[in-house]
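*Asks:* Residue numbers (this note's numbering), protein chains in the order written: chain H, 536 to 795; chain U, 536 to 795; chain Y, 536 to 795; chain Z, 536 to 795.
Mixed in with the good hints, there may be bad ones.
Where chains are identical, the list cannot tell them apart; a pair therefore holds if satisfied intra-copy or between any two copies.
As the list claims (entries may be wrong) - Only pairs whose alpha carbons sit at most 30 Å apart, straight line, appear in this in silico DSSO-like list of lysine-lysine:
hint	residue 1	residue 2
1	Lys-721	Lys-761
2	Lys-780	Lys-710
3	Lys-548	Lys-785
4	Lys-587	Lys-553
5	Lys-606	Lys-769
6	Lys-638	Lys-785
7	Lys-553	Lys-638
8	Lys-744	Lys-548
9	Lys-587	Lys-638
10	Lys-711	Lys-758
11	Lys-758	Lys-578
12	Lys-785	Lys-587
13	Lys-553	Lys-761
14	Lys-782	Lys-711
It is worth saying that the hints were derived from the structure and are not from the lab. Bear in mind the structure is a predicted one, so any value in this text is a computation, not a measurement.
4 protein chains.
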Amino acid sequence: SRKFHRTVMAKSKFEYVKSFEADDKILQNCWIVVRIDGKNFHKFANTHNFEKPNDIRSLNLMNFAAGCVMKEFNEIIIAYGQSDEYSFVFHRTANVYNRRASKIVSNVNSLFTSSFVFYWNRWFGDQKLQYPPCFDARYVLYPTTENLKDYLSWRQADVHINNLYNTCFWNLVLKKGLTNVEAEEKLRGTVSSDKNELLFSEFGINYNKLPAMYRKGTILLTKQIKIDESRTRKIAIPIYDDLIKEKFWKEHDELLLRKA
Amino acid sequence: SRKFHRTVMAKSKFEYVKSFEADDKILQNCWIVVRIDGKNFHKFANTHNFEKPNDIRSLNLMNFAAGCVMKEFNEIIIAYGQSDEYSFVFHRTANVYNRRASKIVSNVNSLFTSSFVFYWNRWFGDQKLQYPPCFDARYVLYPTTENLKDYLSWRQADVHINNLYNTCFWNLVLKKGLTNVEAEEKLRGTVSSDKNELLFSEFGINYNKLPAMYRKGTILLTKQIKIDESRTRKIAIPIYDDLIKEKFWKEHDELLLRKA
Amino acid sequence: SRKFHRTVMAKSKFEYVKSFEADDKILQNCWIVVRIDGKNFHKFANTHNFEKPNDIRSLNLMNFAAGCVMKEFNEIIIAYGQSDEYSFVFHRTANVYNRRASKIVSNVNSLFTSSFVFYWNRWFGDQKLQYPPCFDARYVLYPTTENLKDYLSWRQADVHINNLYNTCFWNLVLKKGLTNVEAEEKLRGTVSSDKNELLFSEFGINYNKLPAMYRKGTILLTKQIKIDESRTRKIAIPIYDDLIKEKFWKEHDELLLRKA
Amino acid sequence: SRKFHRTVMAKSKFEYVKSFEADDKILQNCWIVVRIDGKNFHKFANTHNFEKPNDIRSLNLMNFAAGCVMKEFNEIIIAYGQSDEYSFVFHRTANVYNRRASKIVSNVNSLFTSSFVFYWNRWFGDQKLQYPPCFDARYVLYPTTENLKDYLSWRQADVHINNLYNTCFWNLVLKKGLTNVEAEEKLRGTVSSDKNELLFSEFGINYNKLPAMYRKGTILLTKQIKIDESRTRKIAIPIYDDLIKEKFWKEHDELLLRKA
Chain H
536 SRKFHRTVMA KSKFEYVKSF EADDKILQNC WIVVRIDGKN FHKFANTHNF
586 EKPNDIRSLN LMNFAAGCVM KEFNEIIIAY GQSDEYSFVF HRTANVYNRR
636 ASKIVSNVNS LFTSSFVFYW NRWFGDQKLQ YPPCFDARYV LYPTTENLKD
686 YLSWRQADVH INNLYNTCFW NLVLKKGLTN VEAEEKLRGT VSSDKNELLF
736 SEFGINYNKL PAMYRKGTIL LTKQIKIDES RTRKIAIPIY DDLIKEKFWK
786 EHDELLLRKA
Chain U
536 SRKFHRTVMA KSKFEYVKSF EADDKILQNC WIVVRIDGKN FHKFANTHNF
586 EKPNDIRSLN LMNFAAGCVM KEFNEIIIAY GQSDEYSFVF HRTANVYNRR
636 ASKIVSNVNS LFTSSFVFYW NRWFGDQKLQ YPPCFDARYV LYPTTENLKD
686 YLSWRQADVH INNLYNTCFW NLVLKKGLTN VEAEEKLRGT VSSDKNELLF
736 SEFGINYNKL PAMYRKGTIL LTKQIKIDES RTRKIAIPIY DDLIKEKFWK
786 EHDELLLRKA
Chain Y
536 SRKFHRTVMA KSKFEYVKSF EADDKILQNC WIVVRIDGKN FHKFANTHNF
586 EKPNDIRSLN LMNFAAGCVM KEFNEIIIAY GQSDEYSFVF HRTANVYNRR
636 ASKIVSNVNS LFTSSFVFYW NRWFGDQKLQ YPPCFDARYV LYPTTENLKD
686 YLSWRQADVH INNLYNTCFW NLVLKKGLTN VEAEEKLRGT VSSDKNELLF
736 SEFGINYNKL PAMYRKGTIL LTKQIKIDES RTRKIAIPIY DDLIKEKFWK
786 EHDELLLRKA
Chain Z
536 SRKFHRTVMA KSKFEYVKSF EADDKILQNC WIVVRIDGKN FHKFANTHNF
586 EKPNDIRSLN LMNFAAGCVM KEFNEIIIAY GQSDEYSFVF HRTANVYNRR
636 ASKIVSNVNS LFTSSFVFYW NRWFGDQKLQ YPPCFDARYV LYPTTENLKD
686 YLSWRQADVH INNLYNTCFW NLVLKKGLTN VEAEEKLRGT VSSDKNELLF
736 SEFGINYNKL PAMYRKGTIL LTKQIKIDES RTRKIAIPIY DDLIKEKFWK
786 EHDELLLRKA
């Protein structure tokens with residue numbers, strides 16, 4: 536709120552309505568995941584001529600907007616994005632807004648949305664933004680580190696499955712001229728190895744050589760980097776790693792430690 | 536989410552993490568108020584050279600963004616804005632998103648934020664937006680119509696008190712050259728009639744002749760207007776009325792009726 | 536808790552665990568219904584040789600235990616019981632335990648259970664209580680008086696349907712010697728008028744002449760009665776009325792009024 | 536509920552009121568502590584001539600009633616009681632009542648209350664129960680094993696502090712004839728070692744030789760014991776141990792393990 540100046544005043548007789556606000560403090564010592572998700576992005580992607588199956592401008596913009604959120608909230612230890620969704624993990628000891636759920640979720644969501652629109656031109660250039668996009672948001676709690684890792688693994692497993700499918704689908708449609716229905720039919724019942732084989736034999740594509748960002752989604756971590764002799768700045772670093780494997784967590788074991 | 540194509544697939548072993556999401560369905564038959572509020576707008580106003588005590592560009596932009604929200608959610612029966620905050624009232628029978636709180640709040644907030652940034656230039660022209668603004672959001676429930684009216688009256692009483700104070704304050708600072716501290720001191724302990732008198736005697740300002748939007752805030756109602764013979768379009772109409780008085784509700788008695 | 540004496544002491548390092556308790560304050564200005572319900576009372580009824588279809592000792596004991604609850608909580612305006620369940624309605628303005636849900640629900644439930652066991656002998660005489668009975672409890676909120684009346688009507692409609700069925704069923708089993716399965720089969724698909732006719736033609740029973748407590752359940756209201764010239768005492772009065780009809784609420788219009 | 540027989544029937548027009556019940560499913564994978572607490576037990580203790588500072592009959596009855604609860608809910612892994620309160624710990628994987636909070640809390644509380652009244656005579660003999668006692672109940676969640684242990688340690692540290700104080704207080708009052716106020720004054724500002732010294736020098740009491748149940752409270756664990764060659768029975772075993780020390784948890788390391 537913008538209260539330039541305050542004055543003590545008699546409470547109005549209407550002020551009792553404040554007592555209807557519910558307390559929504561989040562349980563202590565749980566990992567807090569805030570996940571934002573594009574609303575009706577199928578249409579949004581079509582309107583803005585997104586490349587299929589992946590539009591690198593859109594992914595870069597998503598990553599950049601997520602970086603803006605991470606820089607604002609220093610208790611976010613890791614963020615993970617794919618397609619039109621992003622998950623932000625607040626450390627289990629986080630105390631921002633005294634852990635009030637609505638404050639945390641709405642601020643993350645609003646800043647993400649705002650940054651997405653504000654920085655649109657930086658990534659999309661001549662492709663003008665046609666209308667205001669919208670993201671929904673929710674939070675989920677995870678009591679243990681194992682649960683949290685499984686959450687992130689769930690999202691990364693999801694991107695793998697979707698991207699492999701979409702890569703096949705759009706190659707069939709765009710390069711072979713199949714209709715959407717024909718492409719769906721061709722892919723029905725196929726397993727991962729079938730799809731890898733199809734990409735290689737029909738399109739000469741080695742799926743594992745495709746950009747890691749498409750196959751793995753984007754992990755954002757923050758780092759302090761040196762600007763000059765005396766100053767550092769916090770930046771969000773994108774990583775395209777496999778976080779389902781324990782190796783990732785060993786290499787970044789500082790992420791989950793209890794903060795001092 | 537943007538799921539171009541779906542395929543049936545084996546559930547991954549990580550999928551259990553979905554069961555940690557809590558149900559947040561809102562109690563039936565309560566009025567739902569979603570209030571959004573600018574984050575750190577004191578700084579935002581200074582950065583963007585807002586006129587004091589009221590910046591008409593900012594108020595118009597707030598109203599326009601709120602109108603975008605109202606057009607999207609047809610169960611919002613009234614919205615009320617002042618300064619950097621806006622309240623949206625969903626009808627007690629609203630069923631959007633099956634009354635899931637996080638969906639309702641986050642979508643309203645994100646669309647408002649997005650519209651605020653997207654339409655910035657339309658109102659601010661050469662004054663470029665310097666950084667992505669942020670709004671928080673929450674919801675409050677009101678079981679009775681009386682409670683709901685009192686909520687809106689509370690917000691409108693608030694704008695009256697703040698605006699009268701701010702009008703005095705900024706006239707003292709900008710026209711009389713008082714420092715902020717001196718202006719605060721001069722106003723300490725004054726009641727409404729003192730402030731009205733001060734404005735009139737020192738600045739020739741009849742407070743009640745100032746624009747109603749500044750004194751009353753903005754009420755948004757939606758109307759179907761005729762575009763041509765066969766088509767209508769829904770638009771959000773701003774009204775600068777006194778909703779604390781019962782007269783307002785009598786003139787708009789259709790607002791609170793149970794929907795068919 | 537029983538704290539005979541208190542002493543100021545250093546907070547232990549374990550005391551932080553208190554901060555994990557969630558606030559569970561109930562939304563203002565809603566009617567609060569606490570409903571208790573016997574756990575596994577089919578078995579309990581068999582073990583204690585309850586008469587079928589209604590055991591008057593059990594119903595009287597339920598009513599008496601409910602009266603103990605009403606006398607303890609003066610913001611309960613009405614209670615309604617049938618079979619092994621009881622609903623207690625706290626006035627929408629109730630402020631007991633600062634409207635903390637767990638306090639309200641657990642105290643009502645515990646006092647009901649305790650009274651049920653404590654006063655067992657008064658109603659069951661030689662039929663000894665064989666094991667500790669158990670009741671669960673929950674609360675439900677109703678924003679409007681109409682919703683509240685519909686809740687109570689729902690419970691009373693339920694007792695009508697169940698009791699008519701059970702009266703037929705047990706007469707067929709106990710007087711005609713049908714097996715449970717045969718009785719169920721005979722009643723399958725019958726409507727109310729069929730059942731009334733069956734009771735009359737086969738057993739000479741005019742259903743509407745059966746005790747109102749069986750057919751309507753028990754409404755409890757509290758009244759101040761005079762003990763002598765100077766003293767009054769609050770007692771819970773059982774009423775076997777039709778609360779689905781508006782007539783009941785007109786005759787007791789003081790119940791729903793806002794308290795001073 | 537006691538539904539002897541069911542019949543398919545048209546939903547009544549009142550049935551919509553069921554949709555006002557809120558979902559209260561407890562977050563997965565958290566330890567669930569249900570704590571019951573005597574209501575106004577200061578008065579209850581006086582009415583029933585409880586011995587001061589500890590009434591062994593009351594403590595035994597509390598323990599026995601808690602044992603009844605443990606036998607009913609096999610997902611309770613440990614219970615801890617002191618004075619007029621008892622805490623029941625459901626395993627983090629517990630799934631009873633599909634983790635619905637109101638079901639869990641109300642059933643534990645009602646069964647405890649019911650058992651307390653039902654078994655009163657077994658422990659109090661000629662001292663008749665004068666009126667129905669009441670216990671409130673709540674639940675608290677703990678995400679980690681460390682938090683859970685700290686919760687139990689908090690309750691055990693509490694009994695130590697209270698019992699040492701009460702032992703001094705009542706010896707001063709009952710053996711030295713001090714008034715309550717005089718006794719309080721004498722104890723004001725004393726630390727543990729002062730109180731130990733006072734008990735020893737003035738009353739010849741070695742505090743550490745007093746019954747462990749008074750000093751440590753009661754830990755209840757369940758064990759399967761052999762009745763004969765082929766059958767086992769679950770019983771609740773009281774232990775008067777120091778659970779603040781890690782040693783306790785090492786000796787009972789099976790308690791906290793994930794269930795199969």
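*Asks:* Does each hint fit the structure? Answer for all of them.
*Replies:* Quick rundown of the hints versus the structure:
no., hint, verdict
1, Lys-721 - Lys-761, "neither (52 Å within a copy, 49 Å between copies)"
2, Lys-780 - Lys-710, "neither (34 Å within a copy, 66 Å between copies)"
3, Lys-548 - Lys-785, "between (58 Å within a copy, 21 Å between copies)"
4, Lys-587 - Lys-553, "between (49 Å within a copy, 28 Å between copies)"
5, Lys-606 - Lys-769, "within (7 Å within a copy, 40 Å between copies)"
6, Lys-638 - Lys-785, "neither (32 Å within a copy, 36 Å between copies)"
7, Lys-553 - Lys-638, "both (16 Å within a copy, 23 Å between copies)"
8, Lys-744 - Lys-548, "between (67 Å within a copy, 26 Å between copies)"
9, Lys-587 - Lys-638, "between (36 Å within a copy, 28 Å between copies)"
10, Lys-711 - Lys-758, "neither (44 Å within a copy, 50 Å between copies)"
11, Lys-758 - Lys-578, "between (36 Å within a copy, 27 Å between copies)"
12, Lys-785 - Lys-587, "neither (35 Å within a copy, 54 Å between copies)"
13, Lys-553 - Lys-761, "neither (47 Å within a copy, 40 Å between copies)"
14, Lys-782 - Lys-711, "neither (39 Å within a copy, 67 Å between copies)"
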